[in-house]
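Participant: Using the hints provided, position chain B relative to the given structure of chain A.
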Amino acid sequence: MDSITTSTLCIGGIGLVSAAALAIADKFLTVPEDPRLAKVLELLPGANCGGCGFAGCADYAKAMVLKGVETNLCAPAGSASAKAIAVLLGLDAGRNPERRVALVLCCGDFTEAVRRSKYNGIAECAAAQAVAGGDKGCTYGCLGYASCVRVCPVQAIRLEKGIAQVNKHRCISCGKCVATCPRKLIKLVPYKAEIHVLCSNPEKGPVVKKVCGTGCIGCKMCAKLAPEAITMDGFLAKVDYTKELKNPELIVKCPGKCIRSA
Amino acid sequence: MNTEKSNFTFKGGIHPEYFKALTSEVALRKIEPPQYLFVPMQQHLGAPAKILVKPGDEVKRNQRIGEQNGHVSSAVHAPLSGKVSALTTVPTANGRLAPAVIIELNGNEESEKYEPFKEWQSASEKEMLARIAEAGVVGMGGAGFPTQVKLSPPAGKKIDTLIINGAECEPYLTADHRMMVEHAAEIHIGIEILRNVLGARNVRLAIEDNKPDAIQAMEKALQKMTGDVAVSVLKTSYPQGAEKQQIFSVTGREVPCGGLPMDVGCVVENVSTAYAVYDAIINGQPLTHRAVTVTGDAVENPSNLWVPTGTHYHHLIAACGGTLGQATKIIAGGPMMGFAVTGLDIPTTKTSSGLLCLSSHRVPQFASHACISCGRCVEACPMRLIPSELSQFIEAEDIESAERIALLDCVECGSCAYVCPAHRPLVQHFRRGKGVVLVKRAMVGGKK
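Chains as they are written, first to last, in the numbering used here: chain A, 230 to 491; chain B, 4 to 451.
So here's chain A without its partners, still in its complex pose (with noise of 0.2 Å):
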């Protein structure tokens, strides 16, 4: 024989004998997984985001399979997806809550906020929030070094005039901007919503003009044309967005141009 038939036959017949040890295998050594995780798997939306608080969707639906673990966790699949897997699982469905989105709290981009210091450092919003305060003059609107950008699965969030800004579209609630924010600016508001406060500075009016064109000054025109919807917490007025919001006129007539359909 040739050499090359030799090889031909040599790896065939490895072939082969592995094989008939992996059909072997397959067959008396199998672990039987539950046909249920792998429905379930399709009905979640892929993306591992983590916003369940589980590492990603397949250990999330393994455990709504094994452990039973609520199905509306999952805040990108919607309420239709914790219904169909509740359903498939025999589990309560339990309350879907509304769909919510991220929204960055503060409107002062560099047109408007004044900066009070060079910052050459690392452009990590953290970083910079650890030298000296950071290098904007408020000290509680956003820096703009785009950590939350990074870290969003969807990119759903891109830097405007310096200002980080949240495509409530594309948003799927995982909450990571949330916790990735040092200033605290990023909350989860309801779809639905359209007229937000966009400042988070608690300052009284002139600290707040100081450092900024655009921030809440306190003057209580808003909570005076929508009592029930805005109150005011300090000099800072809040939206509370369990009451609906239907006034399209505070956004022109705020004097700090601060309020902002989003």
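In case anyone wonders, no lab produced these hints; they're calculated from the structure.
Errors might be hidden in some of the hints.
[As the list claims (entries may be wrong)] Per the computed footprint, the stretches of chain B lying under chain A, defined by three or more beta-carbons under 8 Å from a beta-carbon of chain A, are: (1) 58-68; (2) 341-352.
[To be verified] To give an idea of the interface, some chain B residues facing chain A are shown, with a C-beta separation under 8 Å as derived from the structure: (3) P94; (4) R99; (5) A101; (6) A158; (7) Q368.
The C-beta atom is built at its ideal place from N, Cα and C for all residues, glycine as well.
Facilitator: Below, chain B without anything else, positioned relative to chain A:
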């Protein structure tokens, strides 16, 4: 008493330009007090002091206005007499906010009195520790660790060596240097008291060999001390004043990874702390003033000032004739470990050793690059860490791996960043990484 030249020194370190000649011959000078003092309640490590006064109260000099709040905490006293005009929060040098008492000074000389210890040699160490705590004495080298806590090591830890830190290795700063030259006799008594309280057998006063006048003054002052006492002359090298490096240079003992000086039988106290202890015990004077070096090439008259705590930085600069042209960068503390500040309405504290105003000539702008693996940071690191690898782990958000190679042992001395040819902001990475680790540990309940 004798003088010994230390035979060895710590590994690594750097030799920056020192610029100490700007102020090393300038005698300490009392400043004209400002109109208002903004006395922060967080001048130390640990919990902020609890405010004892309310707006409108008249306070006397040395009156306690902040009460020790917990084990690791310290009392705060009014440096001068006046009226409390408001309670507020003030920014501190590290960028955080601290509760504070604003005192409008009235120039009244009246003072709250603490009974001085006439016969301190016969007083019990408990009494003296209580007085030190009452006087709000904290470590004045920078960290501000409450002195009474440091002086009462847990049972089972035997302290045999007291090291008094007069190294002052930070460039520019000369506050401790002037204290040693001008207040050698007082520091000597402070050292005697500290030795008694600790029951330490050996005392070493560590001074770098670039301060011959301080060495001479202290040698003279300590002449009469009995027992194993020595002035230990150390090589001039940064960070010779860092606790762990100094213990090695003076005694040859190495503090274990994650350990404390008391694990090797040592306690290190700053010379200014020794002075504050003297003041508290002998004069009944709480810690309300300290020496601050105001220097840099952007200051008209660089000086060493004797400053009440709570004085705004702009008042200090004004007391030194103002700035020459524009100060581009202002640093609270020394250039290596100090904090760059964004404003001058920050008050001094018990740990403010200096204020540095630099013009644009001294503040080069760098662009940082990727690590070129040259290993200079590894050679420079006095803690024997691998800064290059640590920083890359932290950049990649792999904080756990950084923790595994002893991120928490970094003392943030800045030697690595000083030598890095790629100008990498190494210490900034480490500070951020350490913050993440500490938050994580606090969340799991302090478990390792």
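Participant: All hints are to be evaluated individually against the structure, with a verdict given for each.
Facilitator: These are the hints, each one checked on the structure:
no. : hint    : result
1   : 58-68   : violated (count 0)
2   : 341-352 : holds (count 5)
3   : P94     : holds, 7 Å
4   : R99     : holds, 7 Å
5   : A101    : violated, 12 Å
6   : A158    : violated, 37 Å
7   : Q368    : holds, 6 Å
Comparing the model with each earlier hint shows violations of hints 1, 5, 6; every other hint is respected.
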